[in-house]
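Engineer: For reference, the chains in residue letters:
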Amino acid sequence: MNETELDHVLAALAHPVRRSMVSRLMKGEATVTELGEPFELSQPAISHHVRVLEEAGLVTHRVDGTRRPRRLSREGMASLEAWIDAVRNAYEASYDRLDGLLDSMRREGE
Amino acid sequence: MSGASKITVATDGEQHLTLVRRFAAPPAFVYRAHVEPELMQRWMTGPEGWTMTECRIDARAGGSMYCAWAHPEEGGFHLTAEFVAVEPNQRIEHVERMHLPDPTPDNHIVTTFETEGDGTLLTVRMTLPDAEARQAMLDFGAVEGMEVSYARLERIAEAGT
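Quick mapping for you: the protein sequence lines, in order, are chains E and G.
Reading the first sequence from the start, the letters are residues 1 to 110 in my numbering.
Reading the second sequence from the start, the letters are residues 1 to 161 in my numbering.
If you're looking for bench data, these hints aren't it; they were derived computationally from the structure.
Possibly wrong hints are sitting among the right ones.
Going by beta-carbon spacing under 7 Å, a handful of chain G positions derived as facing chain E [claimed, not checked]:
#1 T11
#2 F29
#3 V110
Glycine included, C-beta positions come from ideal geometry on N, C-alpha and C.
Modelling step: build the complete structure from the supplied sequences, incorporating the hints.
Structural biologist: This is the structure:
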């Protein structure tokens with residue numbers, strides 16, 4: 001994984017509007033207009049947020065006549081997911097052991 | 001085990017990463033497992049094949065922590081930390097770094113222990129390290145993740161017999 005790429009991904013997700021747009025796109029494609037609907041923001045501001053997501057590689061678009069529907073990019077999301085998975089794995093084994101320890105503490109009535 | 005859960009991990013803006021995990025024991029037990037060295041050494045053992053060989057914890061504001069891990073072939077590494085604030089059974093705020101042996105950047109961590117039913121909701125909110133430290137964690141975690149999967153397979157195999 002490219003570190004700079006992950007930095008861009010995390011920076012792109014640092015904004016609540018952009019996180020909300022990503023959540024929306026998890027449900028399927030949407031145009032920039034549709035992505036902007038939940039927010040009281042100007043069209044240039046909406047376009048800017050979408051562009052930041054595109055530049056980070058999180059969002060891509062296809063051409064459908066006059067429409068340019070946006071969708072999540074599997075590659076962009078993968079770099080973030082790989083890192084989150086690594087953190088999850090590092091803790092999961094320890095917490096599984098902690099389950100066992102807590103169970104024995106409880107039985108010992110400490 | 002009822003009441004326990006799989007861990008959930010989420011980024012919280014650019015600055016934070018939050019882990020959430022439920023345990024089937026009251027907060028006082030989960031808290032003790034985080035501040036008593038002899039308990040820590042029984043679960044925070046690191047990747048499979050590693051053991052925590054040393055653990056010293058002075059869990060109070062200004063107190064420090066030292067933990068060392070060792071592997072028969074791969075050597076060892078240790079962690080140092082300072083406690084910023086400690087509210088017994090509720091909240092621990094500390095700053096830690098690993099020495100591999102070069103120190104990783106400081107990680108500011110807030111751990112909370114909340115009652116949830118007859119169990120505990122554990123939340124660990126950490127500061128996102130920089131790209132270099134993330135890569136180190138990724139390399140470390142990827143290896144561990146693989147071994148964890150093997151351990152899980154073994155458990156599943158045992159349960160199936």
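Engineer: Sort out which numbered hints this structure fails and list those numbers smallest first.
Structural biologist: Number 3 - this is the single hint that the structure violates.
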